[in-house]
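In the order they appear, the protein sequences are chains A and B. Reminder that position 303 of the first sequence reads as 303 in UniProt numbering, one-by-one numbering, no gaps. Reminder that position 280 of the second sequence reads as 280 in UniProt numbering, one-by-one numbering, no gaps.
No wet-lab data here; the hints were simulated from the structure. Please note that the accuracy of each hint is not assured.
Heads up, the list lumps identical chains together, so a pair's fine if it works in one copy or across two of them.
As the list claims (entries may be wrong) - In silico DSSO-like pairs for lysine-lysine, Cα to Cα no more than 27 Å straight-line:
hint	residue 1	residue 2
1	K108	K363
2	K175	K29
3	K294	K25
4	K234	K25
One letter stands for each residue in the lines below.
There are 2 protein chains.
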Amino acid sequence: MAESWVIMVTAQTPTNIAVIKYWGKRDEKLILPVNDSISVTLDPAHLCTTTTVAVSPSFAQDRMWLNGKEISLSGGRYQNCLREIRARACDVEDKERGIKISKKDWEKLYVHIASYNNFPTAAGLASSAAGFACLVFALAKLMNAKEDNSELSAIARQGSGSACRSLFGGFVKWKMGKVEDGSDSLAVQVVDEKHWDDLVIIIAVVSSRQKETSSTTGMRETVETSLLLQHRAKEIVPKRIVQMEESIKNRNFASFAHLTCADSNQFHAVCMDTCPPIFYMNDTSHRIISCVEKWNRSVGTPQVAYTFDAGPNAVLIAHNRKAAAQLLQKLLFYFPPNSDTELNSYVLGDKSILKDAGIEDLKDVEALPPPPEIKDAPRYKGDVSYFICTRPGQGPVLLSDESQALLSPETGLPK
Amino acid sequence: MAESWVIMVTAQTPTNIAVIKYWGKRDEKLILPVNDSISVTLDPAHLCTTTTVAVSPSFAQDRMWLNGKEISLSGGRYQNCLREIRARACDVEDKERGIKISKKDWEKLYVHIASYNNFPTAAGLASSAAGFACLVFALAKLMNAKEDNSELSAIARQGSGSACRSLFGGFVKWKMGKVEDGSDSLAVQVVDEKHWDDLVIIIAVVSSRQKETSSTTGMRETVETSLLLQHRAKEIVPKRIVQMEESIKNRNFASFAHLTCADSNQFHAVCMDTCPPIFYMNDTSHRIISCVEKWNRSVGTPQVAYTFDAGPNAVLIAHNRKAAAQLLQKLLFYFPPNSDTELNSYVLGDKSILKDAGIEDLKDVEALPPPPEIKDAPRYKGDVSYFICTRPGQGPVLLSDESQALLSPETGLPK
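So here's chain A without its partners, still in its complex pose (with noise of 0.2 Å):
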């Protein structure tokens, strides 16, 4: 074949952080969970992956960049994904380049995948979810896959569990499904992004020395030695979910942030019960914690929910913008850059909560004062990489820009 056309598509998706966690697959092979699941949805402006995902007849492989960067695509996870997406392509037609795919010309096409993250790779923010997500809707829309979202996040889920929650925005709920092929495990909306606006999430990136236990390694562990996973997911979990659905609609911070907070604690109680035992949380974690409790306590009602994944990161969930500009006062109070980080690269993301917070230079964070609740409060300078402040956000969306698009339009190669 001598064409040379390239047909793209680019789409950019949200990552997602889990208010009741995941942790335990049933399935090894299909990403089965042990127990329902519900996340919130972070704002893509701030945290989200974009995918071009382009198709030529001169490609002579499938072919991935992420960040910039090839990277193999033979993982049975990638796999997985282009296959079921594959499975479903139909015909498509771009009438006024005179191109058509046909259906089974799919079978014969190889597609090139450019993958870019705006928030660092190795950082621990659940980068797996959003790009498993973002490749399966970009190619379901280049393929021209018939799919609705739900559909599409039971083949994300194959490339990364938590990735099907990634398919919508504000709160998402993956059923765990019952089915053996699992198909009925997949992702459906609680609440869009407009339900519960007031929410505002800090994300504290804490600085690690450890190697952390992957995720998937983690859980596998955790499923054969724990004896309490199995007690979590047939007891517990299934009436958190039915708390948890209930605070979201209902906009209750106190049961949502109770809730949160147990389960991010009780899942890494699991991980500790595991054989050997898995620690996510460091002691910076910890005296995160410390200060959201104490604070929660001292004014009676929750102000910030806190919650932990496979990792040292604190994603803290502030009632409102208040809360979040009081929350954010006391962290950096705690947590002060080094000396050699400008405050412009220490607080990412949504920037007006630090205006909110009266802080506007390093001298305002020196000046800050400890927070009453708690005596002699030591400051841990360093021990926090950076924050991000965000809020709920949108699920994927397609960009019809072509300037945004990671692939070349001619040769189908990174830009």
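Start from chain A and add chain B according to the hints.
Same frame as chain A, now just chain B:
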């Protein structure tokens, strides 16, 4: 009464460390646990309480001195122990000195108590366990109570739960009991200290900036809020108790180590599942666990078991002297002393283990090679305060040498 005689008894009682943990009371007042526990008694040569109790008609009230400082006896825990022992007092006669105390006199006589720990009280080394055991044991001897050590353990239990296990040497089981008045919630010896005498115990006293939750408060909050604790207490621990007794009786170190580590981790898991979560271990504790786990796995069979109580200190139980010497080398590699600390005050207790490890001075510590099972092993100078080398030891003993008494035989006041 112008009589001025003083009758005294001095006893020495070991501390103990649980290998199947006690965490959670079903009766706060009687101190009745939610599950059985098993402990190893530590050699009193290195960790013990010495207590002198005295009675004299000249005493105007019950008084107590702990480590030389007078403390109040008004707390319910002391009152419980004093009341229960007084109720069991019998006739006492010193024919030589012509002193006779009849059973009913004890209700009117006051006691003086002086107690001394041969280890730092605040270091989180179960000083209250040794302390209450010693108090009850010494008072029982003074008052000629006829109860055996198991019966006395049920009284010590009302001072501090884990104290009941310090009435015996070797390995000890605290049976939770069934009856409402708690009379069957007492300790029994599993095996004595000679049964498994090649075990070596190294305690790492870990530096901590954090103020810890007391175990009394912590276990109350766990009982009230953890959704995992009851499952642990009812479904998991009963099986582990049976397996642990078997392992100890058969000196099966692999099984012993597996159960000990798993139960320590599960105890800390239910602490983390508490609301607000309780963190007793810190990054140093985690690093010690990682050091042991990696070594055990690299050898293929467990060399060392670890267990942590309500604080960051590690109690490490080595299979034998050879494993203990290797462990000490690894520990001193990771955690060398601060430059102003001498080796002699950094490794306490049975220093022959140091010699076995080929370490004579700080230069030898500096020259230690990194453990081969870990790549790029970092050193954490100053993160451990000191180490104590010890072994399983005997139960309470009476000290007949009056020079070891803590009270003056003339005045009944601290020497």
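How the hints compare with the structure:
Proximity of K108 to K363 under the C-alpha cut-off of 27 Å is found in neither arrangement, the shortest distances being 61 Å within a copy and 68 Å between copies. Taking the closest pair of Cα atoms, K175 and K29 come within 27 Å of each other only inside a single copy of the chain (17 Å); across copies the shortest separation is 45 Å, beyond that limit. In the homo-oligomer, the alpha carbons of K294 and K25 lie at most 27 Å apart only across protomers (25 Å), although the nearest pairing inside one protomer, at 35 Å, exceeds that limit. In the homo-oligomer, the alpha carbons of K234 and K25 lie at most 27 Å apart both inside one protomer (13 Å) and across protomers (26 Å), since each shortest distance falls under that limit.
Against the hints set out earlier in the document, a violation occurs for number 1 only.
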